[in-house]
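Start from the sequences and build out the full structure, keeping to the hints where you can.
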Amino acid sequence: MSQLLRIRDLKIEGRSDETWVPIINGVDLDLDRGQVLGLIGESGAGKSTIGLAAMGFVRDGIRISNGTVEFDGTDLVKASASQKRALLGKRIAYVAQSAAASFNPAHKLIDQHIEAPTQHNVQNRKDSIEDGIDLYRRLRLPDPDQIGFRYPHQVSGGQLQRAMTAMAMSCRPDLIIFDEPTTALDVTTQIEVLAAIRKIVDDFGTAAIYITHDLAVVAQMADKIKVLLKGNEVEEAETHQMLSHPKEEYTKSLWAVRGFERPAKPAVQTSATPVIRVDHVTAAYGDVKVLHDVSFDMHEGRTVAVVGESGSGKSTAARCITGLLPPLSGQILLDGARLAPSYKTRDKMQLRQVQMIYQMADTALNPRKTIGEIIGRPVQFYMGLSGTELRRRIEDLLAEIELEPSQFIDRLPSELSGGQKQRIGIARALAAEPKFIICDEVTSALDQLVAEGILKLLAKLQDELKLTYMFITHDLATVKAIADEVVVMKDGEVVEHGPKADMFTPPHHPYTDLLLSSVPEMDPDWLTNLLAERGVDNIGDAAVDKM
Amino acid sequence: MSTVFGAINAALDAVVTAIFSGLGLLVPAVYAAQPFWIRALIALAAIGVAGWMFRKIGQVLSKNRPYFRDMTFGVAYGFAFAVWALGATAHLFFIVENPFFRWAIQLLIVFAIAAFLFRLLGRGVGTTGSRKLFRGMPLTAAFGILIILIYAFVAIFAAAIAPYGQEQVLANANIVPGGNPATGGDPAYPLGTDQIGRDILSRLIFGAQNTVGIAFVTTCLAFFLGGSLGFLAATLGGWLDQLLSRIVDALMAIPALIFALLLMTIATAYAQGERTQVTLYMILIIAVIDSTRVFRLSRAVGQSIVVMDYIEAARLRGEGLGYLVFREMLPNAYAPLLAEFGLRFCFVFLTIASLSFLGVGIQPPFADWGTMVRDLSQFINFAAFAPNVAVTPLLAAGAIALLTVAVNFVVDWMLHRSSGLKE
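Quick mapping for you: the protein sequence lines, in order, are chains A and B. Reminder that position 179 of the first sequence reads as 179 in our numbering, one-by-one numbering, no gaps. Reminder that position 238 of the second sequence reads as 238 in our numbering, one-by-one numbering, no gaps.
Everything labelled a hint here was simulated from the structure, so no lab data went into it. Glycine included, every Cβ here is placed at the ideal spot set by N, Cα and C.
Result set (DSS-like, lysine-lysine): computed pairs, CA atoms no more than 25 Å apart in a straight line:
1) A:Lys421 with A:Lys456
2) A:Lys466 with A:Lys435
3) B:Lys63 with A:Lys78
4) A:Lys456 with A:Lys252
5) B:Lys132 with A:Lys369
6) A:Lys78 with B:Lys56
7) A:Lys435 with A:Lys456
8) A:Lys466 with A:Lys265
9) A:Lys224 with A:Lys11
10) A:Lys460 with A:Lys480
11) A:Lys84 with B:Lys56
12) A:Lys456 with A:Lys480
13) A:Lys84 with B:Lys63
14) A:Lys460 with A:Lys265
Taking beta-carbon pairs under 7 Å as the criterion, some of the chain B residues facing chain A (in silico):
15) Arg69
16) Asp70
17) Tyr310
18) Arg317
19) Glu328
20) Pro331
Right, dumping it as structure tokens:
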């Protein structure tokens, strides 16, 4: 195979506070025709920056300070704007992370699709529309003849991501750069997109750079994998080799993340009063019913994971428990006592017992308040502490979430990393000394290593303080790691409820089965086997239909 | 000062005249005979050719460096246009010698130097925080702050600075500004006197106190009203939000100046000529009318903050309304509100000037810039043959314009800073 892309000693710098700070410190990269390279690393490792640099492009405020990016013999670093214009879109294409944000909402999909081929004089308008429809068919989009004539908002997220892949393919490029194309999708939708991408890359023999932080995904897609850490290459190897025999410590630690699993606790006595009982709750936003007669119990010192796709009613259940959304019928019981439907009429002690940790730590912490103020307020509000007592309590709380008190107490949230912010969110919940904490997708915005730290911390706190967690998530690996019991929800109903062990051993509800089998595994042949097993090409939609 | 300018003028005059007369030889007489719009088109095309040549020469001389190689024609045209604009400025300044244009350019240079020195001072003196602030400050913002400080100083110490009283009628009326007896001036009254013999400099200084002071009070009141109601509507929502928003809609549907005029006419009749009372009513009326705009802004800002998870967390904690609004929401709304304050201040200020110009604002004999512009407006007709006389009404108008520009410079800078901090 001939070499397509050759990056040598690439150094990239970013501007910060009037000086240039290195982002990428001399990375080499080789890619042959038809080969797929997986780029993995934590956020901030420089994956996306390298991906864009492979197109000779850098974002504003960033510059390539050294090195060459040779694409088929042309150095893109030195190439003129018109030279690059002739290559980009035609021979190199890009698929962005969020298709919903990358499509222009004012134009139909097909009009955006044919822009590149007509601009580059590859095809005329009529031919490229026909070709677009053909690509939609190959990517198993529903109703391929018509879907292109819809606007982006009329199409679902997974379908948009496939339409974007089709768009990247429109000129039959030699190289496509996929920048986290499935990160924002549910597991069941993710499979459709993965299968579609792999099919089309195989069909046309296109080379690709696949950027992701999900190891299991990259294992399905890539021929070889390159691991990055803080702008440096850690190691590169062929996929099977990399998965079975990683050389570097850092790579091994990435691989080991998925090993964390807490032993399940013994079964609860049925006679015990649950901390929270959700009792036949039905709830609606306006006229749209989102919860139908939902009931489940949560017992002291245990973690109940609530899983399901987006729109399944997981978060709505949490909103009913906190009282943000008063249910239409049914009730919430705290220690056997009925809670008022709205938080406005609950008393201070009841509010104190139920705390919440949010998914996005960025919006959950007031950006204009210091960490000390954020954590101190519940202590002040519920316990009435002030002065040195208050300060000591804040320091204790910070120590409890494993952050050095003197370093963090006077900082603002913007000065913290994502994982540290999430820890502050946990400390704020702990400050109220609650019995019950709702964790709403607390790890889904974090890197795997950081997420594992948060999960371990939550487990430790549960053991020390006998806390009860309601753990809302769509990530089954997280469920496996931390849950004692699992509630599976679909379309506002509980489809399965029981101890974790039951959930992960068959037989289960067909929907649980679909969820479970859709979680990517580290085995590189997993996707191939799964596709063969399910026996359908359009696995996601079709599998749901079959149920 | 004037001798320095004289020396610079004389030196540059010689150079520029030489260049222009040299170019004059190249321009054919046919061109000069064309109507204006054809000459304008030819000039634009000539600039285009010059821009293209500039880029080409740049490419050749720099051996195809990316800067020249990837330069768009628009940028090249901009360079050529800027050179032409500089030439035109020099032409107006040195050849035509339009006095107003010369004053404007000279003032611009003086202000730029003053702002630069002020910023330099700020960088060297003061606490670490204020030094850091001045270090990242653009020249425009330094200029704005300097002007605002000067105005504030003048307004506060008006009685001590002004040579005469604002109502004092002096012996000589209609003295021309400039203080030069040869052109009808008087050194005792550097900016001259008006038709009934009041010193214009003193009236300008007292005008700062009246106009700026009243505008400040009015803006504060408008913000208190509009801001608190806007946040309340955003936080509580429901029927209160509907009620307040519809009232504001109704008020906003009437053109502000006409509405203010109407209400002021009623208020003036109601006050039966009691001057301080009329001023009080004016403050209230303008504050209420302007608070509708503040309400809209603070409601919109409040609504985007109120959906944040940290507000939800505070609500679930059981916090009261006061804590929610003042402790959780307000700190996050400072940047847009402060920027709006600057703009609103200018608008209020202009409304007062307009009302005074129309005769229902600040009542005579209190000095006010709007009234001064109205009283002296007929002198503007002398601009063609006696520029010194025409300056009289422009002084008050210039004072208004300068403060407006200064406040906007500062507001722009604050907006930029607050948006930069968020990224």
